[in-house]
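Trainee: Each chain, letter by letter, is given below.
Number of protein chains: 2
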Amino acid sequence: MLPRGRPRALGAATLLLLLLVVVGFFLFGRDPEYGLRAAATFEGDPYGSRNRSASGLHPPLPPKCELLHVAIVCAGHNSSREVITLVKSVLFYRKNPLHLHLVTDAVARNILETLFRTWMVPAVVIRFYDAEELKPLISWIPNTHYSGLYGLMKLVLPSILPLSLARVIVLDTDVTFSSDIAELWALFAHFSGVILLWLDRLRQTGWEQMWTLMAKRELLTLTATSLADQDVFNAVIKEHPELVHPLPCVWNVQLSDHTLAERCYLEAADLKVIHWNSPKKLRVKNKHAEFFRNLHLTFLGYDGKLLRRELFGCPNQLPPGAEQLQQALAQLDEEEPCFEFWQQQLTVHRVHITFLPHQPPPPRPHDVTLVAQLSMDRLQMLEALCRHWSGPMSLALYLTDAEAQQFLHFVETSPVLSARKDVAYHIVYRDGPLYPVNQLRNVALAQALTPYVFLSDIDFLPAYSLYDYLRASIEQLELGSRPRKAALVVPAFETLHYRFSFPNSKAELLTLLDAGSLHIFRYHEWPQGHAPTAYAHWREAQAPYQVQWAADYEPYVVVPRDCPRYDPRFVGFGWNKVAHIIELDAQEYELLVLPEAFSIHLPHAPSLDISRFRSSPAYRDCLQALKEEFHQDLSRRYGAAALKYLTALQQSQSRA
Amino acid sequence: MLPRGRPRALGAATLLLLLLVVVGFFLFGRDPEYGLRAAATFEGDPYGSRNRSASGLHPPLPPKCELLHVAIVCAGHNSSREVITLVKSVLFYRKNPLHLHLVTDAVARNILETLFRTWMVPAVVIRFYDAEELKPLISWIPNTHYSGLYGLMKLVLPSILPLSLARVIVLDTDVTFSSDIAELWALFAHFSGVILLWLDRLRQTGWEQMWTLMAKRELLTLTATSLADQDVFNAVIKEHPELVHPLPCVWNVQLSDHTLAERCYLEAADLKVIHWNSPKKLRVKNKHAEFFRNLHLTFLGYDGKLLRRELFGCPNQLPPGAEQLQQALAQLDEEEPCFEFWQQQLTVHRVHITFLPHQPPPPRPHDVTLVAQLSMDRLQMLEALCRHWSGPMSLALYLTDAEAQQFLHFVETSPVLSARKDVAYHIVYRDGPLYPVNQLRNVALAQALTPYVFLSDIDFLPAYSLYDYLRASIEQLELGSRPRKAALVVPAFETLHYRFSFPNSKAELLTLLDAGSLHIFRYHEWPQGHAPTAYAHWREAQAPYQVQWAADYEPYVVVPRDCPRYDPRFVGFGWNKVAHIIELDAQEYELLVLPEAFSIHLPHAPSLDISRFRSSPAYRDCLQALKEEFHQDLSRRYGAAALKYLTALQQSQSRA
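Heads up: the sequence lines are chains A and B, in that order. Residue numbering for the first sequence follows the numbering used here, starting at 1 and increasing by one per position. Residue numbering for the second sequence follows the numbering used here, starting at 1001 and increasing by one per position.
Quick caveat, the hints were computed from the structure, so don't treat them as lab data. These numbers were taken from a predicted model, which means no experiment stands behind them. Among the clues, some could well be false.
Unchecked claim - Here are some chain A residues the structure puts well away from chain B; computed CB gaps all over 10 Å:
#1 219
#2 237
#3 388
#4 505
#5 627
Said to hold, decoys possible - Every beta carbon over 10 Å from chain A, so not counted as near; a handful from chain B, in silico:
#6 1078
#7 1107
#8 1125
#9 1365
#10 1408
#11 1469
#12 1480
Said to hold, decoys possible - To give an idea of the chain A side of the interface with chain B (calculated C-beta under 8 Å), a few residues:
#13 377
#14 497
#15 603
#16 604
A virtual CB, placed ideally from N, CA and C, is assigned to each residue, including glycine.
So here's chain A without its partners, still in its complex pose:
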């Protein structure tokens, strides 16, 4: 938002307001009577210092429950992350209902729609505007810079926001609030009628003609690349200074313009808005930068679910689904031994899909996405996984907000990971004591964009050839063209050694298996989990062969993307994949084992959830209750066909 291109002959006072975060806000009608008076009033106390009398300079805050309107232009993966930090800082201090008007491209809309739907913040209304539709209004301005086009969209906000909307605060994505946004809104009231109507007034005074004219005039002397929204604003304002009202400097503490900003913050009692003109500023080491960085990091790492705070005494605040959710939670009995499980199942986790820049794979009829989920303690698997699987991946990460920032840093500093744009990372924010394994799998599955998915686990490394081999197999088996539904089984092995040389072929794998360096996955502890794969047969097999479902079978499979979802009731440890395979079998998926496919589980310390499962009979009882509920649902859905699963369950229990 700094002036770009040729130097401009604008004084400090003008600069101050040109650089304002709040762009729409300080534009008001031509009436000099109001404009001048207001400006004069503020210039008397540009720092918003405390010692002034309590009267005129503190505009009263808007009434309790008054709705405040905020507009933000946001495009792409990185801006979507930025805007969330901005919104967190606004929500933290706000005490009024908010209406966010988000002008977005398709990527940002996809991300932010999911995020706000799952965030479920009371008293926040979101409306999206398609940036695509705005492009014709500004694309006549020659502009070679991609983001520049989105910047220019602020010029046309008066035209595209609803006519019923009289006032709006326009924010850049790179600002952090450190005060209640209502204080900013209150400055509208300060200018009585005029500013209250600014959108109307701008429309009436011919804002569109005005900026268009100025932009065209500027273009005569300016190169196309340097023209951005701020240049147009500058030009308009230079011509029509009465349009502008300077805000106290505390409302736009800029970190790129040190002299001006320092004068402001050393004298001010209270900073209201920090503007991160340059993201690099976060890495500056001088002590003042530290101060601002801390304010920013506060909201970067802030647990967004804590902002699901309602506004006491204001009506109709609840987002869709929130009321039913509250009722369901209220019906749970805290004294019930499995309370934690029921509560965890009901938890709606905030979801940030495609947290990092991502290029969707080109449409290919036999392509396969590797689907898995992980938490922070498995991050070090990602590089190895990228080396083993060269195809697209869709990974759900269960992280806190602070961990998501560490994750971002981890990817950015890894040459292997940052080179891969076909890996989509979806953050599911932590909430509750039990790992919501199947909810995570479903998020990753829902975001897979290829016709087939390989449903794996993060501790497994696939054979180097697996990606190519799977696509060839799908093609050979003509899976896409047949009405027959099939799940391709990838046999699973494990090594108990944490230093280990990965086999390059099935032959090498069999050698390691015979030497005792590799084992069939969980052969000793849970043989029924993979026994139906028929490993003895697999050793010799030259072609895919069909196997039958049996109790507790939980192979890793390749299925069409539209396969059944995982049952989200299974949280924590145990039976989460078993239930999914039952579902596939109930829906008559054929189980076909692939003769050359394999993947190998690497050792790791047991997760906290497994430790808990092993040491707690109560935990096992709750898992049992989940299984029974699941079978009741199965019977309801599949009738007599589901009987075999129940019989199998009962047999396995009588054996145990």
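Given the coordinates of chain A, assemble chain B onto it according to the supplied hints.
Mentor: For chain B alone, kept in the frame of chain A given last:
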């Protein structure tokens, strides 16, 4: 802070103020002219609602840089944790310098002194008052409840705080601020001269005689156990209602008194202080409790280092050491390839010693504390470690503030861990990208309270008999009585299997070793690390035997508590123990291997730091630079005697 014991006939209005967090604050002189006027003013708007005019009701905030005084009584491990959350919430919103007057017992003082010293918050002055000295002033009140005595200390604050101090805000530990404490301080000014002098006035009006008289009168009709500070305040106020001024309810939103509180928060525009009268309230599931819980959790999990924010434009704020630290950091060259290492070494981590209740071990001349450090991903080792080591432990945990809360929950829900009061957990708060392994070891080492320490690592499980055997060995070797310094070597083994049956004796261990289920620790990858232990000799040994230092030797040792500290320059992975053993050798510690001692390393996924080390030549170069620096320091300190270490280093490098 709720009235206890017999029911009291106090009206709602009186209750409101009796329950106020701010105890000292609302007590003011007898002058009815001031008192009544002030009370009347406030009662007109008990909710602090927004729609009033901006004039009289908003007392102006104190001038920029005015010092505000806060007094808190705090005793024991749990209150020390509580008070930190309170202080975080105050610091988050504050804009003035603060002086904290902390009345503490020895435990809380030890914890909080370390914490504030390492927290290094600018513009915060801490002064401690010994609660022990206050006890005689109140111990005549029969009181069987331990914490009750500390509660009563608020009664004598006017006597013990410095005479120069005219005003103070007194806070309970179980409150959370959601506004600037200056707004509370401003209410002093609202009552002009009288309240400004309240400490003086209370002294003048004979506060001490007054409350003493009341307490004695109450004792005639009350059982001893139910008498607490609030009862005395209640009694005084009942007799002298003019002493009290009601604050707007937003300054004490109590969660245990639902009806009153709800009326307050539904009508108020802005809540200022939340009072967690009952900690159990955090677990209530109704939607309003959720709101308050979120406010509280905000500061529980808030990264305290972000509060190291200076106050712009106020002089003399920096805590001891902060200026030198800033200068040292400013001298670092960001472009230097090892910048991260130098920065990490200089980082002062906040340290919260004895985070959980802890009973120091009784003094015993041969007792040994197990010393180790860990981060979140090794939490699941703790139970096993407790089963293997029945003696005292001092463990440093490298956690974020949010993880510290998860850790608390983990210990509380583990019967094994919560039963052990001889394990001291010290939280070192995360800051920076590299694991400060030796700084962590030094924190744990400094807090070990027995004459000997076993310097171990968290991934090792000691032989079940090790604790007893070490104490017996120390006694037999007469280590304590000899001037000779010795380090007892505990031979280290490893298993590569993550399911594994731990040997009950040396004989069993040797069997497993011969069967290939166990190995000498890092025998294949880093043989020089443990080769000097002479395992072949150890197999047959019946008595302790001496071994000689050699390059890269890094055995696990038992040493007197006053042994040299670890060199904090080694951060991340590599050479951190090697340097310590060199230091022991340079100081002429004898290395004695114990014939029956052993401990076994369990497998785990490589830590992020190790992964980074393995993949990054730059990382290895920085480690090399650290080693060279270390050797230069060695030469400086030990002269020619240090030559052998340098020679050994150069030889090992020429081999590599």
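Trainee: Give a verdict on every hint.
Mentor: Each hint, compared with the structure:
1. 219: holds, 40 Å
2. 237: holds, 30 Å
3. 388: holds, 16 Å
4. 505: Holds: least Cβ distance 24 Å, greater than 10 Å.
5. 627: holds, 24 Å
6. 1078: holds, 21 Å
7. 1107: holds, 30 Å
8. 1125: Answer for residue 1125 of chain B: holds, closest chain A Cβ roughly 20 Å.
9. 1365: holds, 37 Å
10. 1408: Residue 1408 of chain B clear of chain A: closest Cβ-Cβ about 13 Å, beyond 10 Å.
11. 1469: Check passes; 27 Å lies beyond 10 Å.
12. 1480: holds, 37 Å
13. 377: Holds, about 5 Å.
14. 497: holds, 5 Å
15. 603: holds, 5 Å
16. 604: This hint holds: residue 604 of chain A lies near chain B, its Cβ roughly 4 Å from the closest one there, short of 8 Å.
Violated hints for the displayed structure: none, as all numbered hints are satisfied.
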